[in-house]
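Enquirer: Listed below, chain by chain, are the residues.
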Amino acid sequence: MAYSTKAKDFYNNELTGIQQAGTYKEERFIESPQAANIRVEFPTGSPPKEVLNFCANNYLGLSSYPDVVDAAHEGLRTRGYGMSSVRFICGTQDIHKELERKLTEFLGTEDTILFPSCMDANAGVFDVVLDKEDAMISDRLVHASIVDGMRLCKAQLYNYKHSNMEHLEEKLKETQECRFRLIITDGVFSMDGDIAKLDEICNLAEKYDAMVLVDDSHATGFMGKTGRGTHEHCGVLGRIDIITTTLGKALGGASGGCVSGRKEIVALCRQRARPYLFSNTVPPVIVAAASKVLDIISKTTDRRDKLEKSTTYFRGKMTAAGFDIKEGVHPIVPIMLYNAKLAQDMARDLYNEGIYVIGFSFPVVPKGQARIRVQISAGHEKEHLDKAIAAFTKIGEKYQILGKSKNEIIEKYGL
Amino acid sequence: MSEDLKNLIIDYVKHEYLEEDADQEVTENTPLISSGIVDSFSMVSLKTFLEKKFNIKIPDEKATPEAFDTVNNMINLLKEFNVT
Chain A
45 MAYSTKAKDF YNNELTGIQQ AGTYKEERFI ESPQAANIRV EFPTGSPPKE VLNFCANNYL
105 GLSSYPDVVD AAHEGLRTRG YGMSSVRFIC GTQDIHKELE RKLTEFLGTE DTILFPSCMD
165 ANAGVFDVVL DKEDAMISDR LVHASIVDGM RLCKAQLYNY KHSNMEHLEE KLKETQECRF
225 RLIITDGVFS MDGDIAKLDE ICNLAEKYDA MVLVDDSHAT GFMGKTGRGT HEHCGVLGRI
285 DIITTTLGKA LGGASGGCVS GRKEIVALCR QRARPYLFSN TVPPVIVAAA SKVLDIISKT
345 TDRRDKLEKS TTYFRGKMTA AGFDIKEGVH PIVPIMLYNA KLAQDMARDL YNEGIYVIGF
405 SFPVVPKGQA RIRVQISAGH EKEHLDKAIA AFTKIGEKYQ ILGKSKNEII EKYGL
Chain B
960 MSEDLKNLII DYVKHEYLEE DADQEVTENT PLISSGIVDS FSMVSLKTFL EKKFNIKIPD
1020 EKATPEAFDT VNNMINLLKE FNVT
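Which chain is which? The protein sequence lines are A and B, in order. Here the working numbering is used: the first residue of the first sequence is 45, the next is one more, and so on. Here the working numbering is used: the first residue of the second sequence is 960, the next is one more, and so on.
Same shape as in the complex, but just chain A (with noise of 0.2 angstroms):
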């Protein structure tokens, strides 16, 4: 047998590493559709727990929204459940150019390809417009799917302090030398809930020379007045080269992803992208649902509009409660607790309280940066949002954090 004892051994040593470096993730099993209500069975084993839920990327809330899964259901009946093919061969059907045009005319933008996932688009995007003679200039917080992307490519990496504009340019100065310049940023960052500054960025891109990537794919449906992303929230619409996105948070949240931008660059990708080539096609039911969520998010702005209204109601109830919070107006709402412990403590006191949410600490966030990332959605009614206010005010109380600053909390508990 190959599989050695020397492997084997190897591979259990490395688990055991992870496990005590405290990074190991437990899947907590869903018991019910994703919703703002769901049933988890958590510890494996206990009976299962109805909860909210304040950790998904569900921010519209159109996940199990019946007007969606009836339009996955007649996705199924009417174009079947697989293709078996990559889309080049015999794996594009109608719906697939449809949902892409419906894509390209909810983002402002020239064309789009769909991708198996976002993770996916940026896998192959890079590698597609930059050759070595190229420089990529990336924030340096990005997304892993970005910096994966990057490697996979043979241009230049030059990244930049996050969000500084400043250093930016700088490394605009330093790479005029290189044929073509890319600055890759995320439109919203999924740690601290903050965005980009696209309008300096794109002015930047114009004085430079360079072209610009946005993954936007927590913004996508609800970030700006009609909810195209972050883009229009940042008046740029039309102005961004490139943007990465998901149908796997807010548009429905199965699956899926795209590359939707200047015309001749998503052409090139349906030609040499290797995660589109060599991956089977998005399934039709995926399809017909994204399809759907677009008709709904296109026709109306309510749900984004409730999912705003909710953002500024939370933010503003758990800051007078006393909590640190990261300043912004997304519904990704970081809970400052600097502490790693203090983060799982006071998470797992939170769903003892049937309030979901979830700690990260340190490789996932910066070290003495630990919070709660609490995501709020369209799905969450008012009263769930008094419920989590409540839990968390009294969580807070008992671990004496309401209030206190900073250097309090970190006094209190170290970092």
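Hint data in this document are derived by calculation from the structure and do not stem from the laboratory. Quick caveat: nothing in here was measured; it's all calculated off a predicted structure. One thing to keep in mind: the hints can contain errors.
Claimed, not checked - Computed from the model, here is a short list of chain A residues facing chain B with C-beta under 7 angstroms:
#1 Arg184
#2 Val191
#3 Leu201
#4 Asn203
#5 Pro410
#6 Lys411
In this text, a Cβ means the ideal position worked out from N, Cα and C, and glycines have one as well.
Model the placement of chain B on the given structure of chain A, informed by the hints.
Expert: Chain B in isolation, oriented as in the chain A frame:
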């Protein structure tokens, strides 16, 4: 050890990785990567800086997080390229 070389790298680290209002001290022995000041993704800036400054090419197998963890480690790495 060349004081000039040490100060050159320390100044670059401060400028490249610390915010202007940071009151963090950086010496030749300050852990950079293991302490979280520089993450493995951002380390590329340091590598590029040293390569351009001294006109050398640091092969990937030598560009380890350990080799870049302190300014002293970087100075030792540079010695292999006759930079002192």
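Enquirer: List, from low to high, the hint numbers that the structure doesn't satisfy.
Expert: none
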